[in-house]
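Could you put together the complete structure from these sequences and hints?
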Amino acid sequence: MPDYQTFDHDVLVVGAGGAGLRAAIAASAAGAKVGLVCKSLLGKAHTVMAEGGVAAALANVDDRDSWRVHFADTMRGGQYLNNWRMAELHAREAPDRVRELEAWGALFDRTPDGRILQRNFGGHKYPRLAHVGDRTGLEMIRTLQDHAVYQGIDVHMECTLVRLLTDGGRVAGALGYDRERGRFRLFRCRAIVLATGGIGRAYSITSNSWEYTGDGQALAYGAGAALQDMEFVQFHPTGMIWPPSVRGILVTEGVRGEGGVLLNRQGKRFMFDDIPENYRNQTADNEEEGWRYTQGDKSARRPPELLTRDHVARSILREVREGRGSPHGGVFLDIAWIKRRLPQAREHIIKKLPSMYHQFKQLADIDITTTPMEVGPTTHYVMGGIRVDGDTQRSTLPGLFAAGECAAGLHGANRLGGNSLSDLLVFGKRAGEFAAAFAREHAGVTVDSGQVEDAVRCALAPFERGAGADGRGPYQVQQDLQTMMQELVGIVRTEPEMARALDGIARLAEQARQVGVAGNREYNPGWHTALDLPNLLTISEAVTRAAIERRESRGGHFREDFPEKDPTWGKFNIVVRRGSDGRMQLSREPIPPLPAELAAIIEEQK
Amino acid sequence: MATETLKPDLADTGASEELEPPHRQPDPPATATFRVWRGDREGGQLVDYTTSVSPGMVVLDAIHQIQADQANDLAVRWNCKAGKCGSCSAEVNGMPKLMCMTRLSELPLEKPVTVEPMRSFPPVKDLVTDVSWNFRVKTRIKPFRPRAPDAADGTWRMTQPDVDRVQEFRKCIECFLCQDVCHVLRDHQLQEEFIGPRFLVHVAALEMHPLDVEDRVADLRRAHGIGYCNITKCCTQVCPEHITITDNAIIPLKERVVDEFFDPLGRVLKVFSRGGKA
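Each protein sequence line maps, in turn, to chains A and B. Just so you know, we're using this note's numbering here: the first sequence kicks off at 1 and counts up by one. Just so you know, we're using this note's numbering here: the second sequence kicks off at 1 and counts up by one.
Check before you lean on any hint, since a few could be wrong.
Straight-line Cα separation of at most 30 Å, DSSO-like style, residue types lysine-lysine; simulated pairs [what the hints assert, rightly or not]:
id : chain 1 : residue 1 : chain 2 : residue 2
1  : A       : Lys361    : B       : Lys111
2  : A       : Lys352    : A       : Lys298
3  : B       : Lys233    : A       : Lys351
4  : A       : Lys125    : A       : Lys351
5  : A       : Lys565    : A       : Lys125
6  : B       : Lys233    : B       : Lys142
7  : A       : Lys361    : B       : Lys233
8  : A       : Lys298    : A       : Lys339
9  : A       : Lys298    : A       : Lys351
10 : B       : Lys233    : A       : Lys352
11 : B       : Lys233    : B       : Lys138
12 : A       : Lys565    : A       : Lys268
13 : A       : Lys33     : B       : Lys142
14 : A       : Lys125    : A       : Lys571
15 : A       : Lys268    : A       : Lys339
16 : A       : Lys268    : A       : Lys125
17 : A       : Lys33     : B       : Lys138
18 : B       : Lys254    : B       : Lys142
Simulated from the structure, these hints should not be mistaken for lab results.
Structure follows, in structure tokens:
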């Protein structure tokens, strides 16, 4: 008798953040029998933490905005490595996806004439982010969750996949375990949508929770699908840095959107010191103009604090390295100063940034309405991920689709703030629809019991080895990996350091194979961490190898040994696949030429 | 290029020349003892763990240290570690709290800090409880149903004050601490008859939603058991999002139930003005 329960679905959606929920809703609406698997409880996924807003060219606040401007902004932000078809679809469809949320009960902040209000954000030319104070992600995930639970979707909460199963080069199902009892579940299905989010737990300073261990990317890679752009990791410029226990927790870009400024130890607004050439025309060259921009003056250009995240993060690092940092190794983010400009500044800050106010008050004893925050970069997002087709979100493995952060393409070399929430709506819906269509159009598949048994055996191996002896614990191996990736494959990279990282990954992979766990299978986080390790190691290797390969600096990828952007490299994505010998193989895949219409838009928006 | 430098206001920081952040907390002791409930569905006991303490630590950090160094299989839920997801609910020194937002500096560390699971829900393992009842309850509540769009393009118009009123309820992070502390659920175990404060807040968010046209008042009285709440306000006190659960959500809903079922004049008037809802 097999030691697992079996569930049959047409479409299995993995992950219940925004992308997974939206995909499940879409697949269900298309008539598919849908299963939804998530590592945590419903409504706890990372989407809940998104603060600033969802980018969509509704043009409610500035009627000069349109999908064309949004498209051009996204491409510029991504340094033109983006999958331009995704960037186009995203810009065109995001407004409908946002309005649809309103039809499902979401309540965004309003303009004076009662429409959805939009705010400024880094890299967006016009105020574009629909938002709810600074808890937009909560509003979105709750709206999707509360809509999804009435759609007849089978939800498997606190369930983690360990293997994708294939049949003749097609997806046939997946094997997972439930956290509560540690029992295995076999999911048989015709199509899978991966919506598992990011890889932030590969780093020690991160805004990501325990869940973000690159499961989707690693599962897809293990099943033979291609990954791309893995060298592009976004370090958000403003994470909390003090006290130590909150290091990495996000401080929303919305603080800067509302007029917050970055200052070094000397009180200097250092972001004016280095404005990249391709943003010079759009950036204020004095403080007065920057302030007017944040207050809605349409004739003003945005302040340099709202340059793209990669640039702001590097500027902060420069200040720290050159000895102008704050006492705990960051810089100051000051919103309190606006009291010199606004009569009701304190009330205004609390109204616009309530959870930031609360977070600093509670966790750092700081009142942000009177005192500058100390901030520094934190690992936030991976632009790379599973290589997908722009229209359908299908991966290179038939039957396997991906959406949201775990998919690659939309963001190119750097993601604009606000574009992830719109990403997951637009491409979650598309992935769900095309997965349902795939399931409808393709005959059933057979699950190979040999694959299932092998996956079960591998998953139980840590218990066979047991804890203690000479093996190291899963948490120690994970922490060593995080520290190493932070030091050697972080914001500023060099080839010798990354070569050391590869050696380190190989050594830690060997240790991971020896990790043993104590206790039984019921809700055992030590075991869960042990099973996450191979995923973390796989994606860490992919990030490192791709980062070594790309001998230039672009977007989220900065090479100290190749500090300039090289136009030759702008023509390729780096793609990672598992070779037939089991080793990781890299290739350069040329980016298809832009259609004339899209090229014209980019030109006119320059 | 800007030349003026902008100094933040230093009056509050106490700094003179250079910017220094204020950290007023005193140095905490180097270690503290945590008395953690370890067990499963069958039962369990409190187990003491001593771990190191660093500035700014929260209870969840201590649990994570213990998990990493001393008890790899210690079960605990968490996600965001910033008070936004509502996963790490527990009872700290007997008080329902989010562990990620409970600073050690707020607790007397000279004696052991007890950390126990929420007691209103069946234990699963250690600090993890079976909260699945909550997810089932939600599906019994009639979903959002909007009025026809206001504009030809399928959109609606709403004013900020109308939205603000409901946004208070939509701040809920579903940590279920209110459910944990509600005596109707905790002491009387009326889970079958009463949906609890979390879902009364959810109903309030729907009923007061500017666009919603569904009517849930009859359900409130019967299926949702609003009458069981006798307004002790325990739920409001423990809400980490500071939602005024009782005054702003439950009492107005109770008034609607009274208007609908116990007010004879109101009932007559309703016969003539049926169609929309308040």
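Consistency of the hints with the structure:
1. A:Lys361 x B:Lys111: Distance of about 26 Å is within 30 Å: holds.
2. A:Lys352 x A:Lys298: 20 Å, holds
3. B:Lys233 x A:Lys351: Cα-Cα ~25 Å, so holds.
4. A:Lys125 x A:Lys351: It holds: about 24 Å lies between the C-alpha atoms, which stays within 30 Å.
5. A:Lys565 x A:Lys125: 23 Å, holds
6. B:Lys233 x B:Lys142: Holds - the C-alpha atoms of Lys142 (chain B) and Lys233 (chain B) are around 25 Å apart, at most 30 Å.
7. A:Lys361 x B:Lys233: 25 Å, holds
8. A:Lys298 x A:Lys339: 22 Å, holds
9. A:Lys298 x A:Lys351: 23 Å, holds
10. B:Lys233 x A:Lys352: Measuring from Cα to Cα gives roughly 28 Å; hence the hint holds.
11. B:Lys233 x B:Lys138: 22 Å, holds
12. A:Lys565 x A:Lys268: Since the Cα atoms of Lys565 (chain A) and Lys268 (chain A) sit roughly 28 Å apart, the hinted pair holds (cutoff 30 Å).
13. A:Lys33 x B:Lys142: 23 Å, holds
14. A:Lys125 x A:Lys571: With a Cα-Cα distance of about 25 Å, the restraint between Lys125 (chain A) and Lys571 (chain A) holds, given a limit of 30 Å.
15. A:Lys268 x A:Lys339: 18 Å, holds
16. A:Lys268 x A:Lys125: With a Cα-Cα distance of about 25 Å, the restraint between Lys268 (chain A) and Lys125 (chain A) holds, given a limit of 30 Å.
17. A:Lys33 x B:Lys138: Within the cut-off at roughly 22 Å; holds.
18. B:Lys254 x B:Lys142: With Cα atoms ~17 Å apart, Lys254 (chain B) and Lys142 (chain B) stay inside 30 Å; holds.
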